[in-house]
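Chemist: Each chain, letter by letter, is given below.
Protein chains: 2
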Amino acid sequence: MSDLPETTAEAGAAVLRDEDGALRADVVTRVRDAIEAADAGTLRTLVGDLHEADVGDLLEALDAELRPRLIALMGPDFDFTALVEVDDTVREEILDELPPAAVAEGVRDLDSDDAVYILEDLPRKEQAEILDQLPSLDRVALERSLQCPDDSAGRRMQSEYVAVPPSWSVGHTIDYLRDNDELPERFFEIYVVDGDYRLLGAVALDVLLRTRRPTRIEELMDAGRRRVRATADQEEVARLFERYNLIALPVVDDRDRLVGVITVDDVVDVIEEEAEKDIKALGGVTGDEELSDSVWTIARGRFNWLLVNLATAFLASAVLGLFEGELQKMVALAVLAPIVASQGGNAATQTMTVAVRALATRELHDGNAMRIVMREALVGLVNGLAFAVITGVAAAAWFRTADLGIVIGLAMVCNLVAAALGGILVPLAVDRFRLDPAVSSGVFVTTITDVVGFFSFLGIASLWFGLH
Amino acid sequence: MSDLPETTAEAGAAVLRDEDGALRADVVTRVRDAIEAADAGTLRTLVGDLHEADVGDLLEALDAELRPRLIALMGPDFDFTALVEVDDTVREEILDELPPAAVAEGVRDLDSDDAVYILEDLPRKEQAEILDQLPSLDRVALERSLQCPDDSAGRRMQSEYVAVPPSWSVGHTIDYLRDNDELPERFFEIYVVDGDYRLLGAVALDVLLRTRRPTRIEELMDAGRRRVRATADQEEVARLFERYNLIALPVVDDRDRLVGVITVDDVVDVIEEEAEKDIKALGGVTGDEELSDSVWTIARGRFNWLLVNLATAFLASAVLGLFEGELQKMVALAVLAPIVASQGGNAATQTMTVAVRALATRELHDGNAMRIVMREALVGLVNGLAFAVITGVAAAAWFRTADLGIVIGLAMVCNLVAAALGGILVPLAVDRFRLDPAVSSGVFVTTITDVVGFFSFLGIASLWFGLH
Chain C
11 MSDLPETTAE
21 AGAAVLRDED
31 GALRADVVTR
41 VRDAIEAADA
51 GTLRTLVGDL
61 HEADVGDLLE
71 ALDAELRPRL
81 IALMGPDFDF
91 TALVEVDDTV
101 REEILDELPP
111 AAVAEGVRDL
121 DSDDAVYILE
131 DLPRKEQAEI
141 LDQLPSLDRV
151 ALERSLQCPD
161 DSAGRRMQSE
171 YVAVPPSWSV
181 GHTIDYLRDN
191 DELPERFFEI
201 YVVDGDYRLL
211 GAVALDVLLR
221 TRRPTRIEEL
231 MDAGRRRVRA
241 TADQEEVARL
251 FERYNLIALP
261 VVDDRDRLVG
271 VITVDDVVDV
281 IEEEAEKDIK
291 ALGGVTGDEE
301 LSDSVWTIAR
311 GRFNWLLVNL
321 ATAFLASAVL
331 GLFEGELQKM
341 VALAVLAPIV
351 ASQGGNAATQ
361 TMTVAVRALA
371 TRELHDGNAM
381 RIVMREALVG
391 LVNGLAFAVI
401 TGVAAAAWFR
411 TADLGIVIGL
421 AMVCNLVAAA
431 LGGILVPLAV
441 DRFRLDPAVS
451 SGVFVTTITD
461 VVGFFSFLGI
471 ASLWFGLH
Chain U
11 MSDLPETTAE
21 AGAAVLRDED
31 GALRADVVTR
41 VRDAIEAADA
51 GTLRTLVGDL
61 HEADVGDLLE
71 ALDAELRPRL
81 IALMGPDFDF
91 TALVEVDDTV
101 REEILDELPP
111 AAVAEGVRDL
121 DSDDAVYILE
131 DLPRKEQAEI
141 LDQLPSLDRV
151 ALERSLQCPD
161 DSAGRRMQSE
171 YVAVPPSWSV
181 GHTIDYLRDN
191 DELPERFFEI
201 YVVDGDYRLL
211 GAVALDVLLR
221 TRRPTRIEEL
231 MDAGRRRVRA
241 TADQEEVARL
251 FERYNLIALP
261 VVDDRDRLVG
271 VITVDDVVDV
281 IEEEAEKDIK
291 ALGGVTGDEE
301 LSDSVWTIAR
311 GRFNWLLVNL
321 ATAFLASAVL
331 GLFEGELQKM
341 VALAVLAPIV
351 ASQGGNAATQ
361 TMTVAVRALA
371 TRELHDGNAM
381 RIVMREALVG
391 LVNGLAFAVI
401 TGVAAAAWFR
411 TADLGIVIGL
421 AMVCNLVAAA
431 LGGILVPLAV
441 DRFRLDPAVS
451 SGVFVTTITD
461 VVGFFSFLGI
471 ASLWFGLH
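Here the protein sequences come in this chain order: C and U.
For the record, in the first sequence the residue sitting at position 66 is 76 according to this note's numbering, with numbers rising by one throughout.
For the record, in the second sequence the residue sitting at position 450 is 460 according to this note's numbering, with numbers rising by one throughout.
Incorrect hints may appear among the rest.
To be verified - Capping the alpha-carbon separation at 20 Å, the derived lysine to aspartate or glutamate pairs in DMTMM-like fashion look like this:
(1) C:Lys-287 / U:Glu-286
(2) U:Lys-135 / U:Asp-98
(3) U:Lys-287 / C:Glu-252
(4) C:Lys-290 / C:Asp-98
(5) C:Lys-287 / U:Asp-97
(6) U:Lys-135 / U:Asp-89
(7) C:Lys-290 / U:Glu-283
(8) C:Lys-287 / C:Glu-299
(9) C:Lys-290 / U:Glu-373
(10) C:Lys-339 / U:Asp-264
(11) C:Lys-290 / U:Glu-282
(12) C:Lys-287 / C:Glu-373
(13) U:Lys-135 / U:Glu-103
(14) U:Lys-290 / U:Asp-97
(15) U:Lys-287 / C:Glu-286
(16) U:Lys-290 / C:Asp-185
(17) C:Lys-287 / U:Glu-284
(18) U:Lys-339 / C:Glu-334
(19) C:Lys-287 / C:Asp-303
(20) U:Lys-135 / U:Asp-148
(21) C:Lys-287 / C:Glu-246
(22) U:Lys-287 / U:Asp-413
(23) U:Lys-287 / U:Asp-264
(24) C:Lys-287 / C:Asp-131
(25) U:Lys-290 / C:Asp-446
(26) U:Lys-290 / C:Glu-286
(27) C:Lys-287 / U:Glu-283
(28) C:Lys-290 / C:Asp-97
(29) U:Lys-339 / U:Glu-286
(30) C:Lys-287 / U:Glu-282
(31) U:Lys-287 / C:Asp-279
Treat the hints as calculated values from the structure; they're not laboratory data.
Chain C on its own, in the form it takes in the complex:
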């Protein structure tokens, strides 16, 4: 047993992925060959027993035109849950190719949250066509979810849950669970509702299992159970799961009636998604860029950000342009100016990164904003002084002019303090206007450090050396 890999599952899964967790190329090749040979039998053997997440990764690894063919060949053995696991672009391409009847057949057996996830980005007409082919109970649940705002609790919830009245005993509840074959595929707690389906509380399954049969549910239930409105944003939902270590969260309508439940596995995806959006936004990439996008889509998406940056770069250069005379008289200034700007830009990015994250996690708020601004200003001053000395000595030695060292040192202090203040005040201001600080802070902040960097360095130099 000592040569077990770090993580193991069935024997099949062990050969599906290499030690880094990436799909093995030979598995992909075998699947590709089976699709091209239209060999449904081999395909079922290779893919039929895989976890939906593995099927999703496999779909992404295949060429685009093979993906719908795999689904067609697998027929009813294809688990549509796999489509939840692929990139949006990939899913849309696949759904475009499949006939609506096949999609309706495929989503019929899914939990409603998965079905909504697959349907939500389809054009309205196609959506209606598919919904029409579903049993009316399923259709109503899906339509209710789809009417909720994008990225809301109502969109992420599943409509399948277990609810019992408070008067039932533990024994009665367990018997009900044993006899009922309409239960959700997985559940982690049962909900207690009154005659109008208003949520009274919840009972975790381990509590139910530990308790003797005669005990009444209302004695067991957690009546202060946290709940969320269907209209709440998914980011808010994710914060509640994180903060209170939840496994499931009941979703209620505006009259506190239970309409669904969000489970932690969906929230894990939301958390990953939200962090991903912040990372990309800070890097100047739109949140919906995906690895499977075409060159053209990606180039266009990134163009806008670069265009804004170009404008700010010209603005910074205009500041340099103000000092053309000085630059001509003393070319060392042209050589050194980018150092001041670059150091400021990097320091500002540090502060801004911390501020944007702390705002996203609600760690930074009105109550401590003043303290954090002061602290950042001090950090800027401390590092400004440190780098004033280092840069000053280096510049003075390079150009054999002590005065040049003093000038660049002074400019460095100015710019690192400006960087610190810009790095924290800009995200705070952007957040105050209810915009996403991750998306729009960067441009302002680097403009500040470029302009202040160039202006302070060349301005001080101009005065110090009497170049004007």
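For chain C, the structure is supplied; the task is to place chain U on it using the hints.
Modeler: Just chain U now, kept in the frame of chain C:
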């Protein structure tokens, strides 16, 4: 009921936080006043029934010297789980102030994963002192966890779990759960082990509840249950939870014997932590910087990154220095050069951000690396051509020199292609050396774009205008 807030819990929690989810200032003030008046009764009323996460946030909102006093005043009513919820720096300060006996008393009742989390960063001597005061069974479990590597599955697991032999019936298992009062506080599945405690499978609680009493556990259990070695990295664990939508994951030793279980609520924190680390690393901030750190700690932490950047800024300036003659003859070059470098830096950051994230989530791997490199190069070329035209026209108009437009346009194409290649190849190379691409890619990449930007612009200008 229509004026319910979006999320509600007990009445108390509704007034604890404002609509953004931040702690309300007046609550913090009342707690502060109670501590300063040493009024344990009021403090218990205010804090006693709060969720541990709320107590954690409250601790962070208090001045540092009040925190240990709150814990002392609350006495046995203080739930040490709250210490898991605070920043590392805050926790260390608090633990420094508390006598080891009080800490031992406090961690005794915790799940082992929480106890380990509190103890792991303490100095060895203090750790031993606290462990010595615990019952031997608890001590052994904690010591085993603490011996596992930092950030491993063994560190994050809890040693409390429910395990039964395969021969038991459902009825026997439920009776066992009802009669046993040594069960973990919460559990989501039970594990099936042989006589040597080797893991045979798992049964989800909902499966147990749906099944009639005579059925044997071995008929129910999922024998292919995914498991993880105690030495596996927590990031790997998080990927498994995400990919396979797990709620709990059994942890085994090198002989496949069950030693603990990791639950999804801990993994949610790991995912958040890992995303946070990537975001901070990309922004040039060390992963362990926290909002509660002192000016000095933060300034020192950020200094190193800025120092490396300063070196690369000097390198880029040295390239400018090579062209001193040209800059003097044509000062417009000094004014425009930063535009080429800045645009390259931003384009490279876009590519690098996408690459670093895709590497972290294993979406980018050997199998598709070549395709992604080609795609990024094309994106660089497309945007390079677009910005060559825009920048060229703008520069030509500004300095009324058409040739300057052509020169900056050519340099722009060169630098955006270099940016694209650098942005993707550097993270891939860093990853190949098993280093974290988020931490070290940035410096290399912006050095490339600065150097290529300055060199191509001034080199082409020098040739074009015959300035050399």
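Chemist: A separate judgement is required for each hint: does it hold in the structure or not?
Modeler: Going through the hints against the structure:
1. C:Lys-287 / U:Glu-286: 12 Å, holds
2. U:Lys-135 / U:Asp-98: 19 Å, holds
3. U:Lys-287 / C:Glu-252: With Cα atoms ~17 Å apart, Lys-287 (chain U) and Glu-252 (chain C) stay inside 20 Å; holds.
4. C:Lys-290 / C:Asp-98: Roughly 17 Å separates the two Cα atoms, so the pair holds.
5. C:Lys-287 / U:Asp-97: Cα-Cα ~24 Å, so violated.
6. U:Lys-135 / U:Asp-89: 24 Å, violated
7. C:Lys-290 / U:Glu-283: 17 Å, holds
8. C:Lys-287 / C:Glu-299: Between Lys-287 (chain C) and Glu-299 (chain C) the Cα gap is close to 10 Å, so the pair holds against 20 Å.
9. C:Lys-290 / U:Glu-373: 15 Å, holds
10. C:Lys-339 / U:Asp-264: 72 Å, violated
11. C:Lys-290 / U:Glu-282: 15 Å, holds
12. C:Lys-287 / C:Glu-373: 18 Å, holds
13. U:Lys-135 / U:Glu-103: 16 Å, holds
14. U:Lys-290 / U:Asp-97: 16 Å, holds
15. U:Lys-287 / C:Glu-286: 12 Å, holds
16. U:Lys-290 / C:Asp-185: 52 Å, violated
17. C:Lys-287 / U:Glu-284: 14 Å, holds
18. U:Lys-339 / C:Glu-334: Roughly 12 Å between the alpha carbons, so the hint for Lys-339 (chain U) and Glu-334 (chain C) holds.
19. C:Lys-287 / C:Asp-303: 16 Å, holds
20. U:Lys-135 / U:Asp-148: 18 Å, holds
21. C:Lys-287 / C:Glu-246: 15 Å, holds
22. U:Lys-287 / U:Asp-413: This hinted pair is violated, its Cα atoms lying about 46 Å apart.
23. U:Lys-287 / U:Asp-264: 30 Å, violated
24. C:Lys-287 / C:Asp-131: Given that 20 Å is the threshold and the Cα spacing comes to 18 Å, the pair holds.
25. U:Lys-290 / C:Asp-446: 17 Å, holds
26. U:Lys-290 / C:Glu-286: 13 Å, holds
27. C:Lys-287 / U:Glu-283: 15 Å, holds
28. C:Lys-290 / C:Asp-97: 16 Å, holds
29. U:Lys-339 / U:Glu-286: 48 Å, violated
30. C:Lys-287 / U:Glu-282: With a Cα-Cα distance of about 13 Å, the restraint between Lys-287 (chain C) and Glu-282 (chain U) holds, given a limit of 20 Å.
31. U:Lys-287 / C:Asp-279: Cα-Cα ~18 Å, so holds.
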